[in-house]
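Using the sequences provided together with the hints, build the complete structure.
There are 2 protein chains.
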Amino acid sequence: MIDPLHIFFHPRGVAVIGASSNPTKLSYGVLHNLASHGYPGPIYPVNPKGGEMMGLKVYPAVAEVPGPVELAVIVLSADRAVRALEECGQRSIRAAVIIASGFGELGAGGREREAQLREVARQYGMRFIGPNCVGVIDTYAPIDTTFVRTMPKQGGIGFVSHSGAVCGGTMDWASAVGVGFSRIISLGNQADVDVADALESLAADPHTRVVAAYIEGLPDGRRFVEEAARLTPHKPLVVLKAGRTISGMRAVASHTGALAGADRAFQAACRKARALPVETLEELVDAAIALAYREVPSGPRVAVLTNAGGPAAVGADALDRQGLRLADLSEETQARLGEVCPPGTMTGNPVDMLGGPHPDQYAEALGILLDAPEVDAVMVVFVPQAITPPAEVAEPVGQAADGACKPVLCCISGGGGIRAAARTLHAHSVPHYLTPARAALGLGVLWRYAWVRTRPVPEPEPVARVDRERALALMRAAQAAGEQVLDPQAGAEVAQAYGLQVPPSGLAATVEEAAALAERVGYPVALKLVAPGVVHKADVGGVALGLEDAGAVRTASAQAVGPGPALSLSKGGAEGERVFVQRMAPKGLEVIVGAQRDAQFGPLVMFGLGGVTVEVLRDVTFRLAPLGEAEARGMVAETAAGRLLVGVRGQPPGDVDAVVEALRRVAQLMADLPEVAEVDLNPLIVGSVGEGAWAVDVRIVLSGKHQ
Amino acid sequence: MIDPLHIFFHPRGVAVIGASSNPTKLSYGVLHNLASHGYPGPIYPVNPKGGEMMGLKVYPAVAEVPGPVELAVIVLSADRAVRALEECGQRSIRAAVIIASGFGELGAGGREREAQLREVARQYGMRFIGPNCVGVIDTYAPIDTTFVRTMPKQGGIGFVSHSGAVCGGTMDWASAVGVGFSRIISLGNQADVDVADALESLAADPHTRVVAAYIEGLPDGRRFVEEAARLTPHKPLVVLKAGRTISGMRAVASHTGALAGADRAFQAACRKARALPVETLEELVDAAIALAYREVPSGPRVAVLTNAGGPAAVGADALDRQGLRLADLSEETQARLGEVCPPGTMTGNPVDMLGGPHPDQYAEALGILLDAPEVDAVMVVFVPQAITPPAEVAEPVGQAADGACKPVLCCISGGGGIRAAARTLHAHSVPHYLTPARAALGLGVLWRYAWVRTRPVPEPEPVARVDRERALALMRAAQAAGEQVLDPQAGAEVAQAYGLQVPPSGLAATVEEAAALAERVGYPVALKLVAPGVVHKADVGGVALGLEDAGAVRTASAQAVGPGPALSLSKGGAEGERVFVQRMAPKGLEVIVGAQRDAQFGPLVMFGLGGVTVEVLRDVTFRLAPLGEAEARGMVAETAAGRLLVGVRGQPPGDVDAVVEALRRVAQLMADLPEVAEVDLNPLIVGSVGEGAWAVDVRIVLSGKHQ
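Line by line, the protein sequences give chains G and V.
If you count the first sequence from 1, position 73 lands on 696 in the numbering used here, and the numbers rise without skipping.
If you count the second sequence from 1, position 375 lands on 998 in the numbering used here, and the numbers rise without skipping.
Watch out, some of these pointers could steer you wrong.
When chains are identical, the list treats them as one kind, so a pair holds in a single copy or across two.
What the hints assert, rightly or not - List of simulated lysine to any residue pairs, SDA-like, C-alpha gap at most 25 Å: (1) K648 to P965; (2) K648 to H981; (3) K648 to D983; (4) K1210 to G1234; (5) K1210 to A1263; (6) K858 to G946; (7) K680 to S643; (8) K672 to S700; (9) K648 to G1038; (10) K1210 to A1175; (11) K648 to V963; (12) K1210 to E1284; (13) K648 to G979; (14) K776 to A1050; (15) K648 to T968; (16) K858 to E902; (17) K648 to A986.
In case anyone wonders, no lab produced these hints; they're calculated from the structure.
Here it is as structure tokens:
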């Protein structure tokens, strides 16, 4: 694997453009960190004032820097950064970190300046990180181009963040509790290097065991998914994405001007990429330390070892909510525990040693639980009581966990001596948490990664029997007629071109045409009014179902059907009004198969319970298109619609294969035809096994302004 | 209001039975805390050895204690506690705290010992807290009967806990970050004084502003609900209940032997009591400090003031998930902010002052936001960066928040100097949080309390037109016949006795009886096989619907209907087989109205989408019976069934009033008839407005072993 950002971490020579000797300035901090955090190559401060800083000769211009220099850190203000980048380009520097803010995050003017940076980079073949960022750190290279005071110690977490403050806050916490990182990449506005580049780089980095990413917007959501999918079979990826709610979207917009995708698209993207989404900053770090320190469990059976029944019970609830459960300890294990634990210990699970066991008893009991074949992971919960300081428990717990291949996590709560205990545990690769629920989350993430890692990479094969040309022709005809929503007949024909099963149908402009058409498609038939501006036909009564003969068709065509616009074609119909005549599909469960195009992640396919209740029940799930068969089956399985299809209470099971086929074909249509903005098959009527599924109402919206 | 636990906090004289001079013993800690944490009355150590401890004369027996003594703290081991309690009774001491473990939490033997404690207490008219507890604290009295090292400072939080470790851990944290408490009550096994007593006590305590409770089991769930409902109009109640999942229930069972109620019953209880349930220990304290320090907001509009866009965006997402939203700042507010904030500040919301604003700028901007009429609450998010230490921001933020009637909460994250900042904020009654999501939870709980507090106390009036005697007679007849599940006809008649609308029906034992019955009830009819052991009739094909005449009834009665047991009555039916003949109800939406009896909280009513899909869609909600009209309406409103009843897509709205009536009548039935274990109306068929709702399948299970 090639690291596209290799040069940012291993440059032969770094120039600091705008270096300052004033310790209150960021530009001082950058030079200081580079010089004092171990970077082995030459450092060239650049400042028109010249002179010397921190024992280093200062060059008045980057052009005058003598030796090889491969990375520039630009700490000038925004208005001078473009010119500086250009000078770096002229000096053949191929990589730059641009710290300054005052770009895209400010709106239109700033975006223009950002475009200038990109143009300069293109011109000179450079890559740059930022602007509006904190810089990068590699603790192994080592190199630190940031102005953040403390450099974290070495460790397995690769951290990527759009927000500099999230980097800063995380590093501040990390140094207090002794958590190590491999690399930290602060992306800022990601005008050039983006999250996908960072994932590719961390995938190649041998020291990174887990990637934790804080992201706001994704300029190229598809590439993010691709890079993430390449990463996650080897290294877990935990993602916190801001801007997933209305308020959050607003906050992100004012922050970096990134376009935050709809939450369901992001969830679908994580699913495809096998990334592990989290919702808060503490979940991001809680998950990262678990994944960095410990292997995944081989099963969901957890032993809880504690001196405090209450917190252990809260932890057990939290484990259950994570999909884990308490292990059933064998008699043998309980007997062994009885030998080492204090008298009165409850050797069931949780193993409650009550009050103040001796620290060694923690170690011995932990050893026994790690040996027990019925235990897949151990959560240690210690609440400081009068006698034992936390750090004295942390050390033996850490030692007992050394080399164990089962996950061991530890919750030590309270106020005093916690950080020393945390540092001790982390030194033994045991993740420390302040509360049992957070420890349970750490273990839950390990368990989820165990699952998603083994899920086969979906590589959807294109579906067969697709007439793309026919579909395109139908859409062009609609566009030529100025229609943005295809009429039901055109919709049905596009669906048919993509191999979906639709009942015979046609459009009629007069009552007699309708009657003739009904004879041709076969009874019973359904009639639907086709009038400009009528979206939900059932709302206005423009639907008549189950008509059994020509008389019924004539009557329905000629009369008002319920309240609202008449299905009136007796006088040739109002302007543009026609009636859609379709043979009734067999009875079956009504599901919805839909698709839309997300601005960041592209086409998204939806499945759920259909018919008039779809908005009410909200039983829907989403995936990115195209869609493999296993993925489509997964969609069906996780919905109530899918459970109904399996057959409840004496009803025959539905044709799940036909639904899977329909989902794959709609996904293929979206992938093939960028002209299509939305597809709705609502309902798709699913017959019993072997009977197929019928798309009786196909709504296709073309790109552009929606009607 | 009378405080039932007054004497525990204000005793005239305390005896410490089993006081020890050995500093490694709990019994030393208890005496030490009583003596050194400010208790103003006389203290009498009791120990057969006699002598002197901490300058206090030690009495060899409690009988020999001279002066008035109203409280005993018993720190002897379990086997000696019963005798000691008896001696206290003989000495006319009316209150005791029993610290020792070794009782009900150990199983049957321990429960017996616990019963002995209760018997002694009854005999001498005593109340006692414990056993297996840490003791009680009142920071204002003051008195501290615990052995926990630090006594928290004075404050508004009343803390009740079944778990001593949860008390200890919370106090440890609280003293580190300067959070104050009014009272701490560690209940242990609550063999006598229970959570309900503690709520009553804290309701009466003038220093308690908010009650935070950690509970495991409730011996009397109904009384808990009553006391909580009395408390919550005046003081908020936050509850963490362990044992709400399968694993958690198991952990609680092994911990204190308490019976953990089903989660849905607990949720319904919280709703009735207007309590605020939380899921983790950090949520318990996060919610408690918000409620202790700040008034509720008068609306959901939040301003976020920050120096860090990323964490603010995460906070905005979290606010949204709490039902809050970002305020739209007026141009005037933004202009005022522009005058005091650093250049480059984004004065939209979040107000992002970027990098390192001067601490005074926090104060000034906060003042402006608190003045703004479009802002209901302010969340300050500060991420320590290179320049400003957290405590320097905390002080001006605290000052600006002093006296503000709008909530102000503050998130300061990172690792260094956080606790000093937290103490500073708490001294100004500004709750401090380590992450934006936790601050959002604090504000969300304030907002939820604003809502629930104004909800009228449900005081359900009994429903009219109920024939309880008739229902009782039907049940007694079933019991006499050895039936635990009423047959459909008896079920229908009980329902009718409770004023529910049921179609005319009867039971037939032969084909001819069935035909005659059908003539009488009127066509079309439904037939249902009634055979011992057949629970879900549709599963086995024992149902025939929409029979239009006597011929059809005869055929259906005589033939097998579908697979499974035959609806065969041609030869008089198999042993006990009959057929239930019922006029078909009009068409309508199928909902379920159900009820069951929870071991802790009593009768529980359920509503949701019905028919065969009830298990699949799981669209159900629960309330405790009896049920007020507003509560019943609330149940309908929060389900998909309710949204469907409102009428979707051209369908006429359903008769919600009839559903509300049915819910109230089923609730009344459960409240009136303890003999009934379960009721299921599935489906209740709901007609259009004014048409009523029909209970077509009434299943009533009597108490005892269920079939």
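Verification of the supplied hints:
no., hint, result
1, K648 to P965, "between (58 Å within a copy, 16 Å between copies)"
2, K648 to H981, "between (51 Å within a copy, 15 Å between copies)"
3, K648 to D983, "between (50 Å within a copy, 20 Å between copies)"
4, K1210 to G1234, "both (13 Å within a copy, 18 Å between copies)"
5, K1210 to A1263, "both (19 Å within a copy, 24 Å between copies)"
6, K858 to G946, "within (22 Å within a copy, 36 Å between copies)"
7, K680 to S643, "within (12 Å within a copy, 71 Å between copies)"
8, K672 to S700, "within (17 Å within a copy, 79 Å between copies)"
9, K648 to G1038, "between (35 Å within a copy, 22 Å between copies)"
10, K1210 to A1175, "both (20 Å within a copy, 24 Å between copies)"
11, K648 to V963, "between (58 Å within a copy, 22 Å between copies)"
12, K1210 to E1284, "within (19 Å within a copy, 34 Å between copies)"
13, K648 to G979, "between (51 Å within a copy, 11 Å between copies)"
14, K776 to A1050, "within (11 Å within a copy, 35 Å between copies)"
15, K648 to T968, "between (58 Å within a copy, 19 Å between copies)"
16, K858 to E902, "within (20 Å within a copy, 31 Å between copies)"
17, K648 to A986, "between (49 Å within a copy, 24 Å between copies)"
The structure meets every hint from the earlier list without exception.
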